[in-house]
Amino acid sequence: STPSWWWTKFKQACDNINIKINTTVFPAATDSRFLRNNGYPALGFSPMNNTPILLHDHDEYLHQDVFLQGIKIYCEIIVSIII
Amino acid sequence: MSNANDELAVQHFVDYLRIKTVQPLPDYEKAFEFLQSYAMELDLNYQKIQVGIDRHVAILTWLSTNNSQQQQTLLLNSHIDVVPVFEEHWKYSPFGGEIVDGRIYGRGAQDMKCVGIQYLEAIRRLKLANYKPNRTVHCLFVPDEEIGGLTGMNKFIEMDEFKQLNVGFTLDEGK
Numbered sequence: 061s062t063p064s065w066w067w068t069k070f071k072q073a074c075d076n077i078n079i080k081i082n083t084t085v086f087p088a089a090t091d092s093r094f095l096r097n098n099g100y101p102a103l104g105f106s107p108m109n110n111t112p113i114l115l116h117d118h119d120e121y122l123h124q125d126v127f128l129q130g131i132k133i134y135c136e137i138i139v140s141i142i143i
Numbered sequence: 014m015s016n017a018n019d020e021l022a023v024q025h026f027v028d029y030l031r032i033k034t035v036q037p038l039p040d041y042e043k044a045f046e047f048l049q050s051y052a053m054e055l056d057l058n059y060q061k062i063q064v065g066i067d068r069h070v071a072i073l074t075w076l077s078t079n080n081s082q083q084q085q086t087l088l089l090n091s092h093i094d095v096v097p098v099f100e101e102h103w104k105y106s107p108f109g110g111e112i113v114d115g116r117i118y119g120r121g122a123q124d125m126k127c128v129g130i131q132y133l134e135a136i137r138r139l140k141l142a143n144y145k146p147n148r149t150v151h152c153l154f155v156p157d158e159e160i161g162g163l164t165g166m167n168k169f170i171e172m173d174e175f176k177q178l179n180v181g182f183t184l185d186e187g188k
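Keeping their order, the protein sequence lines are chains A and B. When you line the first sequence up against this note's numbering, it's residues 61 to 143, in that order. When you line the second sequence up against this note's numbering, it's residues 14 to 188, in that order.
It is possible that part of the hints are untrue.
Said to hold, decoys possible - Lysine to any residue pairs mimicking SDA-like chemistry, simulated, CA-CA at most 20 Å apart:
#1 Lys132/A / Glu20/B
#2 Lys140/B / His116/A
#3 Lys69/A / Asn79/B
#4 Lys176/B / Asn98/A
#5 Lys104/B / Thr111/A
#6 Lys132/A / Asn16/B
#7 Lys140/B / His123/A
#8 Lys33/B / His118/A
#9 Lys132/A / Gln85/B
#10 Lys140/B / Ser140/A
#11 Lys140/B / Ala73/A
#12 Lys104/B / Ile79/A
#13 Lys132/A / Gly115/B
#14 Lys132/A / Leu139/B
#15 Lys71/A / Gly181/B
#16 Lys69/A / Lys176/B
#17 Lys104/B / Lys69/A
#18 Lys69/A / Glu20/B
#19 Lys69/A / Gly115/B
#20 Lys140/B / His118/A
#21 Lys71/A / Lys176/B
#22 Lys132/A / Arg116/B
#23 Lys145/B / Gly187/B
#24 Lys69/A / Lys33/B
Claimed, not checked - Selected chain B positions facing chain A (Cβ under 8 Å, derived; list incomplete):
#25 Leu21
#26 Ala22
#27 Phe26
#28 Leu76
#29 Lys104
#30 Ser106
#31 Tyr118
#32 Arg120
#33 Glu134
#34 Arg138
#35 Leu141
#36 Asn147
#37 Leu184
#38 Asp185
The set of hints was computed from the structure by calculation and includes no laboratory data. Cβ atoms here follow ideal geometry from the backbone N, Cα and C, with glycine treated the same way.
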């Protein structure tokens with residue numbers, strides 16, 4: 061099938077900055093389920109590579125370099141979608 | 014850190030982590046004060062919309078320069094609340110915003126205050142680089158995701174104020 065415009069643009073942005081994407085079916089547990097149920101396409105994405113998963117755990121942290129790299133990744137994705 | 018924008022981004026992240034939006038009694042009002050002043054700083058439109066008793070959403074909007082009303086918008090969603098903590102198990106205070114060896118500690122550092130700040134700091138940089146958006150971007154901050162979203166996103170999505178956003182595509186947390 062033909063990919064949607066938003067997936068094409070999202071993927072293009074990731075390719076531009078050489079980030080590898082593993083796509084998975086998202087667990088139906090976050091707010092994006094309400095969006096999808098109402099017909100709004102949604103991707104679940106948090107730019108946190110090289111980070112132990114500590115959601116809901118103690119000593120939850122994010123390294124500042126990963127955090128700052130994430131801003132650059134969003135710049136690329138947002139530009140791809142809105143410009 | 015290399016520059017002033019990086020320092021600003023980390024400082025805003027730390028400030029947001031220090032606001033105790035922890036279930037079951039999140040301090041949402043302090044978060045909305047923070048977001049409103051953030052909107053002013055970035056010159057974004059700010060709306061605070063009531064979705065239930067003591068429950069609101071905030072929308073920080075970067076308006077398109079394209080006048081076409083039909084152009085669908087980009088929605089960048091994040092939730093404000095975080096899950097509870099067992100503070101005695103933490104090496105550093107979960108609401109202290111401490112940075113140790115480059116690691117920014119705090120409840121919400123991954124889920125998902127990082128993402129809310131990253132959206133806004135990305136917009137700061139694009140504005141500084143003089144980008145002109147062809148689509149409007151809405152950064153939406155919602156309550157109560159961690160308790161199922163029924164009193165947050167689930168309410169808001171049924172409202173005219175949501176429909177008026179004319180959303181074409183959305184990003185939300187992943188892992």
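Could you tell me which of the hints above the structure violates, numbers in ascending order? 2, 7, 9, 12, 16, 17, 18, 19, 20, 21, 23, 24, 25, 28, 30, 35
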